[in-house]
Structures are given as C-alpha cells and as structure tokens.
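Using the sequences and the hints, build the whole thing.
These are the residues of each chain, in order.
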Amino acid sequence: MIKNLRTEKLKNLRTGILLFFSFSVFSFFSSSVLLFAQPVSSSELINNAKQYDGKIVTYSGEVIGDVMLRGEFAWVNINDGKNALGVWMSAALAQEIKFTGNYKARGDRLEIVGVFHHACPEHGGDLDIHGRFLRKIASGRMVKEKLNFDKVSLIFILLGVLFLTWILTLFKRK
Amino acid sequence: MILRPRLEDLKIIGFYLGKIILGLALTMVIPILIALCFGEINPALDFFISIEISVLFGLLLIKICQTDKDLNWMQGMIVVSLSWLVAMVLGAIPLYLSGHWKSFLDACFDAMSGFATTGLTLVGDLDHLSYTHNLWRHLIMFLGGQGIVVIALSFFVRGFSGAFKMYVGEARDEKIMPNVINTSRFIWLVSIVYLILGTLALGLTGIFNGMQPLNSFFHGACNFMAAFDTGGFSPQSQNILYYHSFVYEVITVIIMVLGAINFKLHYHLWMGNRKEIIKNIETRTLFITVIATFSIVAVGLAQTGIYPTAVMLFRKGFYQLISGHTGTGFQTIYAQQFSADWNPLALVGVIIAMALGGAVCSTTGAIKMLRIGIILKAFKEDLKRIIMPERAIVIEKFHHIREVFLEDKLVRGALMITLAYIILYGLGTLVGMFYGHPFLEALFESTSAAANVGLSCGITNPAMPAALKITYIIQMWAGRLEFMSVFTILGFLFASIKGKR
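As given, the protein sequences belong to chains P and C, one line each in that order. Residues 2 to 175, numbered by the numbering used here, are exactly what the first sequence covers, in order. Residues 2 to 502, numbered by the numbering used here, are exactly what the second sequence covers, in order.
The hints are simulated quantities; they were obtained by calculation from the structure and are not laboratory data. Careful: at least some of the hints might be erroneous.
[Stated by the list, open to error] If you want a taste of the chain C side facing chain P, the calculated C-beta under 7 Å gives, among others:
id, residue
1, 46
2, 50
3, 53
4, 210
5, 212
6, 400
[Stated by the list, open to error] Simulated pairs of lysine-lysine, DSS-like, Cα-Cα distance not exceeding 25 Å:
id, chain 1, residue 1, chain 2, residue 2
7, P, 56, P, 83
8, C, 103, P, 145
9, P, 105, C, 103
10, C, 381, P, 83
11, C, 410, C, 501
12, C, 381, C, 280
13, C, 378, C, 398
14, C, 398, P, 152
15, C, 103, P, 147
16, P, 83, C, 378
Note that beta-carbon positions come from the ideal geometry of N, C-alpha and C, so glycine has one too.
Dropping the structure here:
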C-alpha cells in the first residue's frame, strides 16, 4: 500500500517536472523565437542593444575575413551590409563555412540563431552573438577580376602626355 | 604695409612643391608591388594612373618654376601647407578609382584623414577592399605620421637651409640631431625598426588567434602603421573588434603609447638614457592625464552599468580612452555605442583625453603634453607667487631632455596653441550642431577630427552633408599642421589680394 502510494507520488512528481520543463521550453522559445523569427539587422541590434540583450535573435549576412578557430569554438564575423557582428560558435558549426568574403570572393550567406549579448561577460564586454544554429542561405563564390579597359586606355593616354611633357622640357633646356 | 607676393615667391614655392609631389609619386610604387604580389590587376591600374598624374603634375611644377634659390620662412610654411592639400588630392585618386568611395570628396576626406593620421573614414564595403588599396590607406598614415615633408627631406632633398623651415612647418619644432636631414632619417629608422617588431608581434598573435598566416601578417603591418602613427584605420570594418582578442588589444595599446611618445625621447631611450622617461615632463603629464581622464570614464561607465565587471569596464573603457588620448582612434566598440550606451560623463572623459593628445614631436595631434605640462607649471608658479612673501623670487623649472626654466615666452606660446585648438574644436562643434547633431556628439566628432584622433560616435558617415565633410577635412589639416603653416597660407592669400606691389 505504502509502496503504491510512493510510486504514484513519484509518477505525479515526474509528470509535474515534465510539464514544468515543457512549459519552460515553450515559453522560452515563444518569447524569443516568435519575437525574433525574422532576421534582425545589425543596426537594430547595435542601436537597441539593451532591448535585445540575452535574447535569442536571428541574424543573417555574409561571412567576411577569417574564420578564427579558438579550440572547440570559432569567431566568425558576419556582415549584413551595414555592420559586421562577431558570432561565437562551435568549431563544428563553423566547418560548414566554405567561402569568406574579401576582395576576391563573396562569402557564404548565413542565417544564425543565437543569444545576443550587449556586453558579453565571457568576451570582455564585446557586443556579440553566441550562435546555436546555422543555416546557409547561399554559397559564396570566387570573384573573377575583369580587366578594366577604360583604365588601361587612360594609362596609355597619360603616358603619352607624360612623354610629350618630357620632350618639351628637353627642348626648353636646349 | 603688406606686400603682394612676387612671382619669384610663387616660383620657389612651386619648385619645392613639385619635388615633394615627385616624392609622393614614388611612394605609390609600394602598393603596385603589393598588387603584383596578390595578383590584383585593377587596383594596380589605379595606382599606375595616380603615379602618372602625380609625376606629370610634379614635373610640370619643377620645370615651370625651375629655381636654385633657397626657401625663406614664409615660403617654407606655404610649401608645407600646400603639399598636404596636394597630397590629399593625389592620394585620393587611387581610392576613388577603386569604387569604394561614393564621391571624390569622400576619397579626399579619407586621404586627408590618412595623411593627418586621424582615422575617420567614409569608405564603403571595406571588408571587400583590395589588399592594394588597404595597404595604401595605412601607408599614407605611416607617411603622414612621420610627415610628408620628412619623406622628401630624408630621401630627395640634399642639405639646404630651407629644410628646417619645412620641417618646422610640419609641426616638428624639435631637432633630435644637430642636422635636420639626419633627424628625419632617425625618425625613419625608429619607425622602421618598430614596424618590423610590431608587425611580427601582431602577425604572430593573429595566427595564434586563428587567422590565415598571410592575412595575419598583412593585418599586422597595417595595424602597426595605424597604431604607431596614431592613425586608427584598420583593414576590416569592425576595426580592432574584428580580432576578438585581448592579447591583440594589449599589443596595440603598447604600440599606440610608443607612437604618442616624443621621437627625442625615443632617441634617449635608444641611447640607454632610461631615466629620461621618468623625469620628462611629457611622460609625467601623460601619466597624470591618463589616470584623471580614465577615472572620469570609469565613473561614467560604472553609472551606466553596461559593463558590470571591473575587467569588462577596464577592457572597454581604458581601450577607447587610451586610443583617444594617444590620438589613434582604434575602437573595440561600435561607433553608435558611444551615443547609445555611454553616458555624457564617460563621453566627456574621452573628449578631454582626445583634446589633450600625446607628446610633441610624435605622430599625435591635439594640444599635446608639453604644452599642458607648461600651462600646469605656470599655474603652480602663479599660485606660489600668491602664497609666498612678496619679496620671494619664484622660479619654476621643468625637465624636458634637459632642465628648462619656465619663461613667459614659453607659457604664452603654449597658451596660444591651446587656445587655437579650443577654437578649432568649438568651430567644428558649431557646424555639427548646425546640421542637427546634439552638442556632446558634435563636440566629440569635432574634437576627434581636429585632434587627429579618429574615434567616431557615428556622425562621420558617407551620408553626412558635404559642408560637414569639408569642415572636418579643414580641421584635420589645420590640427595636424598646428596652425602656423595654415595661418601663413591665409596671410599669403590675403597679401595676394590686398598687398601693395
């Protein structure tokens, strides 16, 4: 009898914990993901950093510069066209990045879901995002540089003028 | 009676200006070499065009104004102030051709910001800029930091008495060695030795932080040039925040402080006279003002509560403060954060630091430590006079390489330049406020431009009005040359119109 009562109490407790946990997870995601399902711009995040502090945000943009591996983690800087924000993510997630933006390449376009920090306590007060999920929106590519013939023409014209000036100065000297 | 300048004056000015332009054209060979190394074709073309225009212009001036006469004081000052304006225009050509600057005025803004070692920028899409153009942005800081005329003096001008006049015109009134040419060469020696050491330190730190080796050393060289010459440009749009590294920040702080020290002091340190650093009025004043201004910033930031731990507060507060005080302009926060997150007290702390600057005969701008030290000593002397008996003879001395008696002439000079800077800060603030910016933000940006700092609270951007861009260009120019050459050229223009034959 006592044993049955204990089992039932344990069951109730387990159900309670499960319900509480489910409710917590739901409320956490409903308050964050539902609010920030749409990507937030870097300007919005920087200008209203206090409002977004500690919240889960979705941020998207082009990976620029280097993917800086730091042990099991990596720093990835993502530029949305206005500003670049630092995203701290696991090295495993960063492995999905194939192209980073520079003069000769367009970087992968990523969508990051992660926790935004107004002044990150782990990283000396940096304004950053701790990325949890990553989705590649578009792959990057190498940019083939085309020779600008207008500039080449201008170089030859200027060279001609320079040569002519030099000849004239020779005459003047004589 | 004001005399109208003669044709001979114009010829002498034109001749030496032409020589300096040829010197500038020669420096454009360096980015071309970089372009060839990195296989960047179109950027190389931009520099070929710029070299040709510069050589053509320089050659024409030299040939038309051919003279063997030496410069007098007025001509020397005018050559200096004009060469900075011409360098801005010629230096802006490759930037504009890259397509990353919206207008030629924007490119001129960045060129002047670079040469004057300010660091304010209007570049668009910096993260996709070529290595070649990026190097040029930093190289012009390196050249401007040592002084455009110093380059010409070091490599192109064979000893003549006018050299000293141009050297002084570039806000360098202290000779390290008896000969001004040797002084220029020593400045280059110091800079190049530090360039190698600094690039190594930053490059290795970058690799340790996960950057690609080539990129890391390139960034190291660029950031060294920007830090030592207290410039503030960086190869990426996030500035120093890009690296997310405490060690990188520490190294850049050391380089910034080295850049803010008088080259004369560097010479004494190199010669083993280490006591000079403790005794020198400039280092003492710098130490006191850094502590005082950081205290203001720390209290301000503590009030906001944005950085709850001491480490965070120090890392963010001290970095921006020392960057402002040394006139560098490196940032580890976003420009908008100054106005959004920092309170007025913290901003005032940074503004005061920016307005004070580093040492004379260094690469910093602003009022500078020697003048602040002299003014403080003068206050002390006057206070002593009030306290002590009337018959007492009050003598005040200070140590700057040697013991110097505080004379009224010195105090007057220091106060004059200080006043000129305050007026310059104020005028820029008024223009900023005219365009609708709040007082504190307008003062912040104006001080940053006139003191050649480069910290920004967000006002400087490609969309700002052209008049404000021109105002900041003038402030950067006048602030870098410390007024004398600028006043001379204004006087020259006035004499050209109103003077008698």
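Verification of the supplied hints:
{"no.": "1", "hint": "46", "in the structure": "holds, 4 Å"}
{"no.": "2", "hint": "50", "in the structure": "holds, 6 Å"}
{"no.": "3", "hint": "53", "in the structure": "holds, 4 Å"}
{"no.": "4", "hint": "210", "in the structure": "holds, 5 Å"}
{"no.": "5", "hint": "212", "in the structure": "holds, 5 Å"}
{"no.": "6", "hint": "400", "in the structure": "violated, 38 Å"}
{"no.": "7", "hint": "P/56 x P/83", "in the structure": "holds, 21 Å"}
{"no.": "8", "hint": "C/103 x P/145", "in the structure": "holds, 23 Å"}
{"no.": "9", "hint": "P/105 x C/103", "in the structure": "holds, 21 Å"}
{"no.": "10", "hint": "C/381 x P/83", "in the structure": "violated, 51 Å"}
{"no.": "11", "hint": "C/410 x C/501", "in the structure": "violated, 32 Å"}
{"no.": "12", "hint": "C/381 x C/280", "in the structure": "holds, 18 Å"}
{"no.": "13", "hint": "C/378 x C/398", "in the structure": "holds, 8 Å"}
{"no.": "14", "hint": "C/398 x P/152", "in the structure": "violated, 61 Å"}
{"no.": "15", "hint": "C/103 x P/147", "in the structure": "holds, 21 Å"}
{"no.": "16", "hint": "P/83 x C/378", "in the structure": "violated, 48 Å"}
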